[in-house]
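Asks: Here is what each chain is made of, one letter per residue.
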Amino acid sequence: DTGVSQNPRHKITKRGQNVTFRCDPISEHNRLYWYRQTLGQGPEFLTYFQNEAQLEKSRLLSDRFSAERPKGSFSTLEIQRTEQGDSAMYLCASSKTDSGNTIYFGEGSWLTVV
Amino acid sequence: DQQVKQNSPSLSVQEGRISILNCDYTNSMFDYFLWYKKYPAEGPTFLISISSIKDKNEDGRFTVFLNKSAKHLSLHIVPSQPGDSAVYFCAASRGSQGNLIFGKGTKLSVK
Numbered sequence: 134d135t136g137v138s139q140n141p142r143h144k145i146t147k148r149g150q151n152v153t154f155r156c157d158p159i160s161e162h163n164r165l166y167w168y169r170q171t172l173g174q175g176p177e178f179l180t181y182f183q184n185e186a187q188l189e190k191s192r193l194l195s196d197r198f199s200a201e202r203p204k205g206s207f208s209t210l211e212i213q214r215t216e217q218g219d220s221a222m223y224l225c226a227s228s229k230t231d232s233g234n235t236i237y238f239g240e241g242s243w244l245t246v247v
Numbered sequence: 053d054q055q056v057k058q059n060s061p062s063l064s065v066q067e068g069r070i071s072i073l074n075c076d077y078t079n080s081m082f083d084y085f086l087w088y089k090k091y092p093a094e095g096p097t098f099l100i101s102i103s104s105i106k107d108k109n110e111d112g113r114f115t116v117f118l119n120k121s122a123k124h125l126s127l128h129i130v131p132s133q134p135g136d137s138a139v140y141f142c143a144a145s146r147g148s149q150g151n152l153i154f155g156k157g158t159k160l161s162v163k
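Residue numbers (our numbering), protein chains in the order written: chain A, 134 to 247; chain B, 53 to 163.
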């Protein structure tokens with residue numbers, strides 16, 4: 134069983150640049166989530182998809198953040214005009230609709246904005 | 053306003069003894085609770101969960117207890133092993149959407 138796959142694992146970018154992270158969920162999982170985690174905090178929910186539909190995006194941190202899941206399989210999270218405060222671990226998770234609320238995380242993508 | 057609170061940032065336990073990690077929540081609408089374990093530079097790993105219709109769930113060395121009246125849950129690890137050393141996160145959700153609210157975590161050290 135292949136787990137949730139995220140890449141790149143690490144990204145260092147200059148302030149003002151755009152970055153994109155990719156997430157491949159566990160196969161047959163129709164729900165996909167993006168979270169962010171900063172030092173000393175728990176994961177913070179950003180957005181989620183059921184198949185290709187983005188059902189919740191009000192928690193995205195600003196209009197610089199956007200996510201897509203065009204074919205209901207992999208997803209991308211884009212951050213435009215990055216700021217130093219965007220430095221964090223971005224976590225993707227997936228689940229099946231009938232598995233309750235247990236979600237399975239990938240290993241995360243570290244972003245450092247310099 | 054933190055809806056899920058883990059008030060102990062760290063806990064140190066001897067190998068072979070019991071580890072008890074605590075979590076409090078404020079939203080009475082939460083109906084599903086989970087514990088995740090996280091090693092540095094890795095994503096959280098699901099450990100165990102409990103529905104609000106139960107007060108206990110057990111899986112091997114891990115048991116979660118839920119006290120709805122006190123809005124409190126705890127994770128017991130018996131016996132504790134050095135490999136259990138990690139940060140443990142409590143999480144809660146309501147309904148079936150799966151967007152979890154996490155506490156800040158408790159760092160467990162087993163020596």
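These aren't lab readings, by the way, just hints derived from the structure by calculation. For every residue, glycine included, the Cβ atom is placed at its ideal position computed from N, Cα and C. Mixed in with the good hints, there may be bad ones.
Capping the alpha-carbon separation at 16 Å, the derived lysine to aspartate or glutamate pairs in EDC-like fashion look like this [claimed, not checked]:
no.	chain 1	residue 1	chain 2	residue 2
1	B	Lys159	B	Asp136
2	B	Lys57	A	Glu216
3	A	Lys204	A	Glu216
4	B	Lys123	B	Glu94
5	B	Lys156	A	Glu177
Listing some non-contacts, in silico: residues in chain B with all C-beta distances to chain A over 12 Å [what the hints assert, rightly or not]:
no.	residue
6	Asn74
7	Lys90
8	Gly112
9	Asn119
10	Lys120
11	Lys123
12	Lys163
Asks: With reference to the structure, classify each hint as holding or not holding.
Replies: Structure-based check of each hint:
1. B/Lys159 / B/Asp136: holds, 10 Å
2. B/Lys57 / A/Glu216: violated, 29 Å
3. A/Lys204 / A/Glu216: violated, 30 Å
4. B/Lys123 / B/Glu94: violated, 29 Å
5. B/Lys156 / A/Glu177: Since the Cα atoms of B/Lys156 and A/Glu177 sit roughly 10 Å apart, the hinted pair holds (cutoff 16 Å).
6. Asn74: Consistent with the label, B/Asn74 stays out of reach of chain A, its closest Cβ about 15 Å off (over 12 Å).
7. Lys90: violated, 9 Å
8. Gly112: Given a closest Cβ separation of 17 Å, the condition holds.
9. Asn119: Holds: least Cβ distance 20 Å, greater than 12 Å.
10. Lys120: Correct as stated: the minimum Cβ-Cβ distance to chain A is 17 Å, above 12 Å.
11. Lys123: Given a closest Cβ separation of 17 Å, the condition holds.
12. Lys163: holds, 23 Å
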